[in-house]
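J.: When you get a sec, could you build the whole thing from the sequences and use the hints?
Taking our numbering, the leading residue of the sequence shown gets 59, the next gets one more, and so forth.
One should not assume that every hint holds.
Computed cross-link-like contacts, DSS-like style, restricted to lysine-lysine with a CA-CA straight-line distance of at most 27 Å [what the hints assert, rightly or not]:
{"hint": "1", "residue 1": "Lys-184", "residue 2": "Lys-102"}
{"hint": "2", "residue 1": "Lys-184", "residue 2": "Lys-210"}
{"hint": "3", "residue 1": "Lys-102", "residue 2": "Lys-210"}
{"hint": "4", "residue 1": "Lys-210", "residue 2": "Lys-279"}
What follows is a list of derived Cβ distance ranges for each label pair [claimed, not checked]:
{"hint": "5", "residue 1": "Gly-114", "residue 2": "Glu-294", "range": "15 to 25 Å"}
{"hint": "6", "residue 1": "Ile-223", "residue 2": "Val-86", "range": "43 to 53 Å"}
{"hint": "7", "residue 1": "Ile-223", "residue 2": "Val-277", "range": "16 to 26 Å"}
{"hint": "8", "residue 1": "Tyr-126", "residue 2": "Leu-202", "range": "17 to 27 Å"}
{"hint": "9", "residue 1": "Gly-99", "residue 2": "Tyr-126", "range": "22 to 32 Å"}
{"hint": "10", "residue 1": "Ser-168", "residue 2": "Val-300", "range": "18 to 28 Å"}
{"hint": "11", "residue 1": "Leu-225", "residue 2": "Val-193", "range": "13 to 23 Å"}
{"hint": "12", "residue 1": "Phe-170", "residue 2": "Lys-102", "range": "20 to 30 Å"}
{"hint": "13", "residue 1": "Val-193", "residue 2": "Ile-88", "range": "22 to 32 Å"}
{"hint": "14", "residue 1": "Leu-124", "residue 2": "Lys-102", "range": "26 to 36 Å"}
{"hint": "15", "residue 1": "Asp-132", "residue 2": "Lys-102", "range": "37 to 47 Å"}
{"hint": "16", "residue 1": "Ser-228", "residue 2": "Leu-304", "range": "18 to 28 Å"}
No wet-lab data here; the hints were simulated from the structure. C-beta: ideal position from N, C-alpha, C; glycine also.
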Amino acid sequence: MNYKTTQAGLGLVLSLLTTTIHAETWQVGIVAETARSPFAGDSKETNALPELTYEGDRFSYLGGKLQYNLGSFDGGDTYLLGQMRQRQYYSAGLDFDDDLGLDGMEDRESAFELGLGWENRATWGKLVSEGAFDVTGAHEGFELTASYSYPKQSGRWMIEPAIGIQLQSSELVDYYHGVRDSEVRDGRPAYEGDRAVNSLVSLTVGYSINTQLLAVAGVGKLVLDSNITDSPIVDEENVRKVGLGLIYTF
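T.: Here it is, written out as structure tokens:
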């Protein structure tokens with residue numbers, strides 16, 4: 059399996075863009091990211107991908123995620139969201155047959171998810187919570203996330219450290235990390251995934267070259283729950299990412 063890093067997986071680099079864009083703004087650019095999936099037999103890959111971002115009064119598109127602002131609630135903004143499941147360390151339509159370590163595994167389909175989000179920005183930082191569930195019948199599960207970041211700007215420089223937690227339902231974990239009876243091989247027993255709580259930390263730095271051009275870099279680490287790492291098709295306890303990007307604002 060070639061681990062394909064997607065736009066949706068570039069959040070650790072692109073998160074800083076939400077602090078720099080304004081209403082009715084388009085951004086285009088290219089982002090390069092080095093990452094390794096947690097699946098057995100996979101290797102580290104570097105990918106360079108085009109990036110498109112739009113921010114409007116109510117509608118926005120950032121890192122593969124669609125959002126529609128519903129208005130203010132409890133001091134923050136509430137929004138509808140839509141996203142593809144390739145958002146974390148997964149890739150769309152995992153092709154397990156490409157790797158000897160996953161030989162005999164059936165393909166896992168990508169999923170489109172809908173949900174709600176809430177974001178509160180203040181002088182003490184930014185809080186974001188989101189919940190989304192599968193509407194395509196792929197994994198039939200859900201994911202809840204909560205994160206805190208502290209975006210800071212000084213002259214041309216911007217920095218945003220962040221921490222977060224991620225709850226994935228047993229259905230989601232089992233679909234992408236479980237081993238079905240038909241997939242059992244020597245050294246690979248059947249495995250049923252259970253609910254997982256993952257944690258993440260990231261640091262993003264940006265530099266405004268001029269009023270329209272932004273250079274951005276980020277590092278991030280996702281620490282996986284034992285209900286994922288205990289799977290016989292997983293051989294990594296965490297996922298590390300390093301990314302660099304150049305973004306142009308219209």
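J.: Tell me the hint numbers this structure goes against, listed in increasing order.
T.: Hints 1, 3, 5, 6, 9 and 16 not satisfied by this model.
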